[in-house]
Amino acid sequence: MAVTERPTTQQNVVVKEMSWDPITRIVGSLGIHAEIDFTNKEVLKCYSSSMIFRGFDIHEGHRPS
Amino acid sequence: MATVEFVPGQRATEQVVAHALWMTTGLSCDGDSVGMTSATNPSLEDIVRGIIPGMPKLIIHHPVIAYENGDDFMQAWFDADEGKLAPFVLLVEGSIPNENLSGEGHFAALGQDPVTGQPITTNEWIDRLSPKAAAVVAVGTCATYGGIPAMKNNPTGAMGLPDYLGWNWKSAAGIPIVCIPGCPAQPDNITETILYLALMLAGLAPLIELDDCLRPKWLFNRSVHESCNRAAFYEHGDFATEYGSDHRCLVKLGCKGPVVKCNVPIRGWVNGIGGCPNVGGICMACTMPGFPDKYMPFMDEAANAKLSSNTAKYTYGPVLRFFRKQSIDLVYDKEPEWRKPGNVNLSGYTQRW
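Quick mapping for you: the protein sequence lines, in order, are chains A and B.
By the working numbering, the letter at position 22 of the first sequence is numbered 22, and the numbering carries on one by one without gaps.
To convert, take the position in the second sequence, counting from 1, and add 1000; that gives the working numbering.
Because the hints were derived from the structure by calculation, they are not lab data.
We put the beta carbon where it would ideally sit given N, CA and C, even for glycine.
Hints may be right or wrong, so weigh each one.
[What the hints assert, rightly or not] Covered stretches of chain B, going by a simulated chain A footprint (3 or more residues, C-beta under 8 Å):
(1) 1189 to 1199
(2) 1215 to 1221
(3) 1239 to 1251
[Stated by the list, open to error] Residues of chain B placed beyond 10 Å of chain A at every Cβ, according to the derived structure:
(4) 1104
(5) 1212
(6) 1315
[Claimed, not checked] So the derived label-pair ranges between C-beta atoms look like this:
(7) 1274(B) with 13(A): 52 to 60 Å
(8) 1274(B) with 40(A): 30 to 38 Å
(9) 17(A) with 1015(B): 39 to 47 Å
(10) 49(A) with 1221(B): 53 to 61 Å
(11) 1038(B) with 56(A): 55 to 63 Å
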C-alpha cells in the first residue's frame, strides 16, 4: 500500500493518497487508487483500474463456436 | 529437517531457497491459478511445505494466493529485478499482447513504477526478468501458444511466450521455455513440472526433456484418443449419437481427441477423477498450438474424422464387434467344465507320489 501524505493549507486537514495495486487474493487484475481526507473522514477521489485488456468481446466476425 | 538422507546431498539442497514469481497478468482468466490450487499429486501445499525429500525451499509469489497487497506484494518483483532473489523461476500465465499496437495505453500491466506512477507492462516485466530467471515457464494455452486471446481477428496482437521470446530462447541456466498447455492446464501437470524444475535446479534430476512444441515429453507424448477409455468403441465403429446417451465414442459429436496431444484422459482432473472424454465431454483440443481456430466449430465432426469414423462404422467395425461378441458369449463368458462339486476331480490333476 502506497501512502503519500499531502497536508493541505486549510487548517491542518490531512489528505492522503492511497493505492492498492494489484489487489491480491482475487482472480483478475484490480487496482484501487483513492484520495482520502482523514480529518473530515471523507473519500475525495477514488479510481479503480483494470490492468489487463483481453479484447474477447471484439473478436469481430470470428466468434468461438 | 530429515535425520535420514533419502537422497544423496539432501541436507544441502534443502538449504537452498528458490523463489517462484507467477505473473497472472498476461491476457488470461487466471484459470490456471485457480486450477493449480486443486492439484493433488503433488499438491501446492506439498510444494510450499517442502515435504518432498531434497527439494529446495520454494517461496511462491502469486497474486491469487498472496497475503500481501499492492506495493508490499510487488516488492518481490523489484527485488528479483535487482538480483536479490536468485535463483528464481518466472511463471507466466496469459498471452503476451503486442504493446506496439496499444498506442498511449497498455493492454496488460502489473504494479506501478515507483518514480513515475505509471503502470509497468507485462511485456516490460518479461523483458526485465527473463534474462535473470533460472527458468521460464509458460502455464496454460494462452501463455504457451496464444490461445483464445490470440485467435483470428483479435485486437491485441496477442501471442504465446515462445513467440515473444523466440522458440530457441534459453535461460541463463540453459533451459528452454517450458510450456504446460491446457485451458486450464491440468493441475497436477503444473505442480509436477514445477517440482521437476526445482529438483533439476538443485541438481537432483536431469535436464527436462521437451518436445518440439516445448512441452514436457513424459506428459504430452500421447494423443487423447490413444489414452481415452472410449477409444475401443471407435475401433468397433460404435458412436454416441447424443450427449449423455451412453459410453460410446464421442467423435461424431465433434470430439477432436484423435488429433490432440494431452494426458487428461489418463490423469483425470482433481485427484484423478474425471477427464473430459471419460465423463462424456468432447475434447475441444485446448492443449494444442492450433487451438482454437483450427478446431472450430467445436461441436461438429471434422471432415477427416468423418472419413475415418465412417470407414470404421461401415466396414471393419461391425465385423470386429460381431466376432468379439461371439467369442465372449460362446467361449470366454463360460467357465471351464471341470469346476463342479462331487467325489471326482475333473481338472486333469494326477497324483505324482
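Results of checking the hints against the structure:
no.: 1; hint: 1189 to 1199; in the structure: violated (count 0)
no.: 2; hint: 1215 to 1221; in the structure: violated (count 0)
no.: 3; hint: 1239 to 1251; in the structure: violated (count 0)
no.: 4; hint: 1104; in the structure: holds, 13 Å
no.: 5; hint: 1212; in the structure: holds, 26 Å
no.: 6; hint: 1315; in the structure: holds, 32 Å
no.: 7; hint: 1274(B) with 13(A): 52 to 60 Å; in the structure: holds, 59 Å
no.: 8; hint: 1274(B) with 40(A): 30 to 38 Å; in the structure: violated, 56 Å
no.: 9; hint: 17(A) with 1015(B): 39 to 47 Å; in the structure: holds, 43 Å
no.: 10; hint: 49(A) with 1221(B): 53 to 61 Å; in the structure: violated, 43 Å
no.: 11; hint: 1038(B) with 56(A): 55 to 63 Å; in the structure: violated, 24 Å
Against the hints set out earlier in the document, violations occur for numbers 1, 2, 3, 8, 10 and 11.
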